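Here's the letter readout for the chains.
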Amino acid sequence: MDQLLAYIPAFPLLGFLILSLFGRNLPKQLIGVIGAGTVCIAALITIVVGIAFLQTTPEGGAFSQLLWSWFRVGNLSIDISLRVDALTLVFIFIITFVGALIHIYSAFFMWHDRDYARFFASMNLFVCAMLLLVMADNLVLMYLGWEGVGLCSYLLIGFWYEVPSNCRAANKAFLITRIGDTALLIGLFLLFQELGTLNIPGILQRAPDYFASGSSNIELITILLLVGGMGKSAQMPLQTWLPDAMAGPSPVSALIHAATMVTAGVYLIARMHVLFQLSPVTMAIVAIIGAITLLVAGCSALVQTDIKRILAYSTISQIGYMFLALGIGAWSAAIFHFFTHAFFKALLFLAAGVVIEALHHEHNIFMMGGLRKRMPVVFFTFLAGAAALSALPLVSAGFFSKDAILWYSWSAANGNSFLWLIALAGAFITALYSTRLMLVVFWGEMKTPIHEQPAQGMVIPLIVLAFFSVAAGFIEWPHNMVHLTLFSDHVQKVLPETVMKQGLPSEYLFQAIAAFMTFAGVYMGYMMYYGKPGVRWQQSPGLSATREFLFSGWKFDQLYQFLFVKPFVFITRINKSDVIDRMYNGIAQASLRLNSWFSISQNGSLRLYIVGVLAGILFIITLQLLL
Amino acid sequence: MVLLVATVLFTLGLIGVLTRKNVVFMLISVEIMLNAAGLAFVAAGSRWEQPDGQVMFLFILAMAAAEVSVGLALVLQIYHQHKTLDVENLKELKD
Amino acid sequence: MSTLFYISSLVAIASTIMVITRYHPVHALLFLAVSFLSVGMIFLSLGAPFVAALEVIVYAGAIIVLFIFVVMMLNLGRETAQQEKEWLKPKVWVVPSILVLILLAEMTILLFQGPDQAMQVSVVDPRKVALSLYGEYIIAVELTGFLLMAGIVGAAHIGKHQRKELHRFLQNGEEEKARQLREPESVTNEQTVLHD
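Protein chains in written order, with the numbering used here: chain H, 7 to 633; chain F, 1029 to 1123; chain V, 817 to 1012.
If we strip away everything but chain H, and leave its shape as in the complex, we get (with noise of 0.2 Å):
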């Protein structure tokens, strides 16, 4: 089985290569067919890999495949080799799995469109390059894996590069995402400072002896560690990236923006959780991080008109929810929550670009509408999406995964009251904007004709996405229900389980409270925007100012304008001719002035050059006669 491995990210980079070199001639059916198919040969490698080991865990709980090795540098040494344990393979299952429901939904999304090769190209480039970043055996190839992300993302989000905003958008992502990288990569050269080993099982073994709790080292590492999470995962104060990388096809926005590479951060914190945990401050940095951000993003997700802009921020919420759960040492619950979330908001992208390709690139949700009777299949999944989204209680996966998250924020030993409030309020929230999502888009009077219906191979990707949104959250249920923790028995062979406070109330009543804000969410949403223009109440001048403020993100696009570009262009401005450049000049200008003054020697009368001579041998044998 340990050989089966290295086929998964194999097959993925096959494709890219095939497509990227012969793309341009190949005919159109047989690039959907590569760039669809390796990765749902990839995703098949996989199941057959996660079924081996659920029925006998291997040795020392992870599959292992050593390639070759990378290279060696004094005590350093880099093997590329693959390693999937029980966190590796929750993720590689979504990578494959979800990744292969999305390419099978693009080669029809995307027939229409002119560099069909060069999207599906960059597509399993990504895949390829996830699947190294969470198979890594090492932490170098891993943040080989995360720049390989990185530069998908780029390439994809200003894919229809003809569009200027496009490609500010793509620049802006790679630039704030390489803030985070940066910090990594600065976390990593401490962590093989301070332990020698690069090797993944090596830190995690090593460093619990060789780190005091709490001690100053662990806390820089770890803080960089999380801030290159959070440039990834868009989370506070590096998420204003992601609304931005909208810019992209729905298909990149639901595989890379929506369902794993944003979550690459979650995946880097709990596979270094014994490092995390060695480090309070940090845990609690994360925890605090992932509040601020689930609760201003959810704010910024009420006001937003853009259909893939609300999906965006939403995003940012839910993997806010991720780090919250980090934070307070709930990882199971937090992977939980990654898990399920991959589907339904997958779903939702996809869903959201069957109807924005429906309504001729019609992007605003107040000129959509009516579609309910319309596009019937489509409402359906969407409505799944939401549900799940919104976390109706019992029918829908994110009930599963956020209620075990609002639960361990209170109940957890790192938890308290103060955090799950903002998880409560965020709950509404999200309920909020999902029903308003819904009701604008589905409900009302139709405002643009539907151009066309989806096709076939688009649809069917909906429903097996809708039909995980609701199922997939059965695997694992709350403590006090049914007794039924698949999901937690099998990450908890990776991670630690949850440590839980002492003397709490009934785990019932929370659940009744976070129930009873969903329904007060959708119920507000419903009381607000069904049948009515919707948009009435955000026209009193009161809430106008504020629908500004959330509109634009907090204004966090201004304020990093005001604090950090303004100031650099006003140096650069300053520095234009600095001192260095001075110098040079300088130097040029000496030589200029010396040639000057050479060149009228250089007169061409013969006789002065020999005096010239002449004097030069006097002045030697005068030298030879003084000395």
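FYI, nobody ran anything at the bench for these hints, they're computed from the structure.
Since the structure is predicted, the reported quantities are computational estimates derived from the model, not experimental observations.
Do not take every clue at face value.
Selected chain V positions facing chain F (in silico; Cβ < 7 Å) [as the list claims (entries may be wrong)]:
{"no.": "1", "residue": "Thr832"}
{"no.": "2", "residue": "Ile925"}
{"no.": "3", "residue": "Leu927"}
{"no.": "4", "residue": "Val945"}
{"no.": "5", "residue": "Leu963"}
Even glycine gets a Cβ: it sits at the ideal position worked out from N, Cα and C.
Mind docking chains F and V on chain H? Use the hints.
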């Protein structure tokens, strides 16, 4: 004593090169200088009773012959093109 | 021998002074021949008969003849002498003479710094020279052959009375330039005609 004669001849040739403006005269002066150098070589060879001084003189001779032939050909060409032999006017290589 | 040396040295120096002060090229060349011959006498007095013979044949013969050819070809006669007279004003001599005299003084000092040795004359016969020339200096001799060859070819090439032949890329441009130069001239001619 021979070397003193050679030195005097050499300096006389140098004066010729420096003062004359006519290219032909300059070439003549250069010949004088070369001859003086050869004289010094022969004197040294004679002093040490070795044939090397004379051998060197032979080489200088050959060199002078080649130099004069090329130099005079250049003089001809210069005269054809510029109608003058004044070195002060031949300043085409000037910066 | 010593007397011969002194006499010929004096003649050499005197005739060389005459060379560099003559205005007429042919006069200068005649004095140059005298100078070469006297240097040949010095060689003889130093015990180098082979070199003395070469000096007479090559310097006084071949090189002087070359110079005379050139003087003939360029037709350098009285006008040149007149011109030289104009060029060689006394003030022209001052600075070079001072410089060169300094050089002479320094070299003389250097010469007499070493241990003073009486001039001794020993004959180095042509046989020794020939053995050395074709023994240890054989490569230098061959290189000298190359040098002479290059000198001959170069002189023949440079001295060729060539027409102005331009590269074919340049020809057009040159013709146009020539035409451009010519046209205004013709116009001015016409104008002058009109004015007349």
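A quick look at each hint next to the structure:
This hint holds: Thr832 of chain V has a C-beta 5 Å from the nearest C-beta of chain F, less than the 7 Å allowed. The closest approach between the C-beta of Ile925 of chain V and any C-beta of chain F is roughly 11 Å, which is over the 7 Å cut-off, so the hint fails. For Leu927 of chain V, the interface hint holds, the least distance from its beta-carbon to any beta-carbon of chain F being 5 Å, beneath 7 Å. Interface restraint check for Val945 of chain V: the shortest CB-CB distance to chain F comes to about 4 Å, inside 7 Å, so the restraint holds.
The beta carbon of Leu963 of chain V is positioned within 7 Å of a beta carbon in chain F (closest approach about 5 Å), and the interface hint is therefore held.
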